Amino acid sequence: MTFMGFVLAVCAVASGIGVIGFRNPLYSAFSLVANLMTMAGLYALLDAHFLAVSQVVVYAGAIMVLVLFVLMLLNLKVEGGAKLGLMRAGLALTAGVLILVTGLKPIMEHFSSVPAITLRENATKTVGDVASIGEQLFGRYVVQFELSSLVLLIGIVGAVMLAKRKHVQLAPRSVFGEAE
Amino acid sequence: MSSLLGYLGLSLLLFVIGAIGVCIRRNAIVVFMCIEMMLNAVNLSFVTFSKLLGNLDGQIAVFFVMVIAAAEAAVGLAIIISVFRNVASVETSDAAELKW
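The listed protein sequences correspond, in order, to chains A and H. The opening position of the first sequence corresponds to residue 1 in our numbering, with each subsequent residue numbered one higher. The opening position of the second sequence corresponds to residue 1001 in our numbering, with each subsequent residue numbered one higher.
What the hints contain is simulated information worked out from the structure, not anything from laboratory work. Computed from a predicted model, the values in this text were never measured in an experiment. For every residue, glycine included, the Cβ atom is placed at its ideal position computed from N, Cα and C.
Stretch-level coverage of chain A by chain H, calculated; a stretch enters the list once three of its residues show a Cβ under 8 Å from a Cβ in chain H:
#	segment
1	16 to 30
2	34 to 47
3	130 to 137
4	150 to 160
Partial list, derived from the structure: chain H residues whose beta carbon lies under 7 Å from chain A:
#	residue
5	1010
6	1067
7	1081
Construct the entire structure; sequences and hints are all you get.
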């Protein structure tokens, strides 16, 4: 891993810890934006240029704006009240360690022997620029590409349906009940 | 240590951080953001393997994951707003009742 990759990796882990560490959800959201940006940098280092750009535009741009919009709309207070229980934290940590161990074992077994040169040798074949990605997308994967547009359409319609639904019979606990 | 191990290890580490976040955070929006982070961790290993194996299929997979994540963000946030209308909170523990 180059020096740049190392710096980006450290930033990615730090901002990732920031996402789960900050009590204010707004800080978590901005931390996630930083995380997604560093991931875009790592994609660029791995010669996935198109993905790096679409990571910035789609993830750090569109999706995070949506998340921040909802955070602002709901006007949440800083997470407080009940502290994180010892048992809950212990369970979460155990789950994390288990995933780490089960993931680390196959990585160490199968990929520690792959020489570093392999990555550089294959580099010319897999430059993910717009031309080569587009060729694949509209060639081999054209059906999946069209289906993904259908998925997005259904997602949009579903979001509108969910957000529009009226809840009239829930007046006692509904926050918008009194206003109507 | 080869750079392949570095990328895969980083991917695994980010996935674990996301998983721990899903377990310990109560705010549904933060849980949602942790899930996005886990998706990104897997995307990173897709791109790494795409480079290692010398074909573009991994990057195409990442592209489709991004499409699904965008759709998921729209629907997931709409569900969170819908839950907020009913229970006036986005804490996951407040939305524990199936019926009231």
